[in-house]
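> Residue numbers (the numbering used here), protein chains in the order written: chain A, 1 to 96; chain B, 1 to 114; chain C, 1 to 129; chain D, 1 to 129.
Do not take every clue at face value.
Said to hold, decoys possible - Below, a list of computed lysine-lysine pairs in the DSSO-like style, where the Cα atoms sit at most 30 Å apart:
id, chain 1, residue 1, chain 2, residue 2
1, B, K83, B, K99
2, C, K118, D, K49
3, C, K60, A, K14
4, B, K91, C, K60
5, B, K99, B, K109
6, C, K96, B, K76
7, A, K53, D, K2
8, A, K14, C, K70
9, B, K109, D, K49
10, B, K109, C, K96
11, B, K76, C, K12
12, C, K60, A, K53
13, C, K118, A, K42
14, C, K95, A, K42
15, C, K12, A, K14
16, C, K70, B, K99
17, B, K99, B, K18
18, B, K18, B, K91
19, B, K18, D, K49
20, C, K12, B, K85
21, B, K18, C, K70
22, C, K96, A, K14
23, A, K42, C, K96
24, A, K14, C, K95
25, C, K95, C, K118
Unchecked claim - Residues of chain B placed beyond 12 Å of chain D at every Cβ, according to the derived structure:
id, residue
26, S3
27, N10
28, D19
29, S38
30, I42
31, K83
32, L92
33, P110
The hints are simulated quantities; they were obtained by calculation from the structure and are not laboratory data. In this text, a Cβ means the ideal position worked out from N, Cα and C, and glycines have one as well.
Here are the chains, one letter per residue:
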Amino acid sequence: MSCLHTVNRSPDSKLLESCLRVINADDAILFIEDGVYHCASKISLQAIVETVKVYGLREDMLARATLSTALDRVEPVDTSRFVELCSEHDKVVSWF
Amino acid sequence: MTSTSFIEINGREIALDKDGYLVQLADWDEDVATSLASEEQITLDPAHWEVINLLRVFYNRHQMSPANRALVNLVKRDLGPDKGKSIYLMKLFRGSPAKTASKISGLPKPENCL
Amino acid sequence: MTENANTAKPAKSRITFISRSAPYGNNRANLCLDMALASAVFEQDVNYVFLDDGVYQLLKGQDAAAIQSKTLGNALETLALYGIENVYADQQSLKKRGINRAELLPGMQLIDSDAVAKLIESADTVFNL
Amino acid sequence: MKFSIVIYAAPYSSESAATALRFARSLIEQGHELYRLFFFGDGVHNASKLTVVAQDEINLQQQWSELIEQHDIDSVICVSSALRRGVLDQTEADRHELGSASAYESSEVAGLGQLIDATLHSDRVVNFG
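Excised from the complex, chain A in its bound form (with noise of 0.2 Å):
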């Protein structure tokens, strides 16, 4: 059972520890909107297990200038991949 958990806020607001304290090791991380400001940042990367695979949604990096910045770890996705990750999971879990 994985699961596809979704984060759409900007690292000041503390949703990706919430969201990391509950996930399981096999899950999924997918930022979206304000949760793309994660996908450059190396400390917020590093909170997440190696074993998580990580996302960010491609239109909403590409509108705030972080899809040539974000680090290797991060899978740029457009929706249509984003509406397949959320087939692929068992679930979705939305933090916003």
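Assemble the complex: chain A is given as a structure, and chains B, C and D must be docked to it using the hints.
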């Protein structure tokens, strides 16, 4: 404004909305309850009153009208398992017991959400 | 509820609610409670978890009359009457906010983060707000 | 796969309603089924038809309505959220004697039972807020 009708009780004009709920919850008293019940073809006896009183205490404490499931459990908890049954409450308050009993008890009209 | 003949699904699903918002400042706590009560009315298998600022909802002695609002703490007392028995408060959230067990409404089971993770993992659907 | 989408956010105040709209479009384009849209809390404003938007900006409410009509999507506005916020279909407007409807006809005002039903009949419930 919702169209209102009036019933006269002890010389007072009491406004009801078109579904028969009190427009002003503060208008409620025992005579009003008796009258609201008779609109539902119900004659209140002590078995009705203990549920009405329970509902009013519940509302004053929790500020909500219980759904049927919660009403059954509330009656079960406070009036005992013999009475805490849907069938018992349906005999007392026809239709949906929670709705009918809430109306007679002068609780606000449900928002149709549940 | 509308039944769709060609979608045979179990009539019961396991829903975990994570209530993460403090009461009164916004309506998220109320929305979460409304969803949970509706789930209970439709006889779903409900878990209710208070996490982060959500634990502020559990403080005893709330009285919201002076801010023209209904007192959420009093509404939460009805969870058991709706058949919602699995009500949990996250220990770490309480600790971080300096809230003791004695200050909480009765009926809360205190759990740790791992237990919250399990309630998410075992749910069919999670509502988190 | 069957999806349901729950939207808690008003249009324009945050990006979430726009994200949800793009998500809904995309899943339909990929041949998935959108079992139900459920607008809850401030999300009900997405169904308001009494809106005017600058010519060079998108009209989210209109785009929702077009998507709903084009694909015959079951779209529900939560009644208790909607009544408070003045988003009424004709039935509710008549029931409360408030004159004209303010919601797009493409959505229906109904209760939380429709949300619970959606959790039962969908493979995935995705929340945007």
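> Now tell me if each hint is right for this structure.
The hints, checked one at a time:
1. B/K83 - B/K99: Since the Cα atoms of B/K83 and B/K99 sit roughly 17 Å apart, the hinted pair holds (cutoff 30 Å).
2. C/K118 - D/K49: Violated - the C-alpha atoms of D/K49 and C/K118 are around 42 Å apart, more than 30 Å.
3. C/K60 - A/K14: 26 Å, holds
4. B/K91 - C/K60: 38 Å, violated
5. B/K99 - B/K109: 8 Å, holds
6. C/K96 - B/K76: Judged against 30 Å, a Cα distance of about 39 Å means the pair is violated.
7. A/K53 - D/K2: 24 Å, holds
8. A/K14 - C/K70: With Cα atoms ~29 Å apart, A/K14 and C/K70 stay inside 30 Å; holds.
9. B/K109 - D/K49: 28 Å, holds
10. B/K109 - C/K96: Since the Cα atoms of B/K109 and C/K96 sit roughly 41 Å apart, the hinted pair is violated (cutoff 30 Å).
11. B/K76 - C/K12: Holds, because 24 Å separates the two Cα atoms, which is no more than 30 Å.
12. C/K60 - A/K53: Violated, at roughly 41 Å.
13. C/K118 - A/K42: 28 Å, holds
14. C/K95 - A/K42: Within the cut-off at roughly 28 Å; holds.
15. C/K12 - A/K14: 34 Å, violated
16. C/K70 - B/K99: Distance ~21 Å between C/K70 and B/K99 Cα, so the pair holds.
17. B/K99 - B/K18: 15 Å, holds
18. B/K18 - B/K91: Roughly 25 Å between the alpha carbons, so the hint for B/K18 and B/K91 holds.
19. B/K18 - D/K49: 28 Å, holds
20. C/K12 - B/K85: Holds: C/K12 and B/K85 sit about 22 Å apart, inside 30 Å.
21. B/K18 - C/K70: 26 Å, holds
22. C/K96 - A/K14: Holds, because 13 Å separates the two Cα atoms, which is no more than 30 Å.
23. A/K42 - C/K96: Roughly 25 Å between the alpha carbons, so the hint for A/K42 and C/K96 holds.
24. A/K14 - C/K95: 16 Å, holds
25. C/K95 - C/K118: OK: C/K95 and C/K118 at ~20 Å, within 30 Å.
26. S3: Its Cβ does come within 12 Å of chain D, the nearest being 6 Å, so this is violated.
27. N10: 29 Å, holds
28. D19: 9 Å, violated
29. S38: B/S38 is indeed farther than 12 Å from all Cβ atoms of chain D, at 25 Å.
30. I42: Label holds. Min Cβ-Cβ 25 Å, cutoff 12 Å.
31. K83: The claim holds: B/K83 sits with its nearest Cβ about 27 Å from chain D, beyond 12 Å.
32. L92: Given a closest Cβ separation of 25 Å, the condition holds.
33. P110: 9 Å, violated
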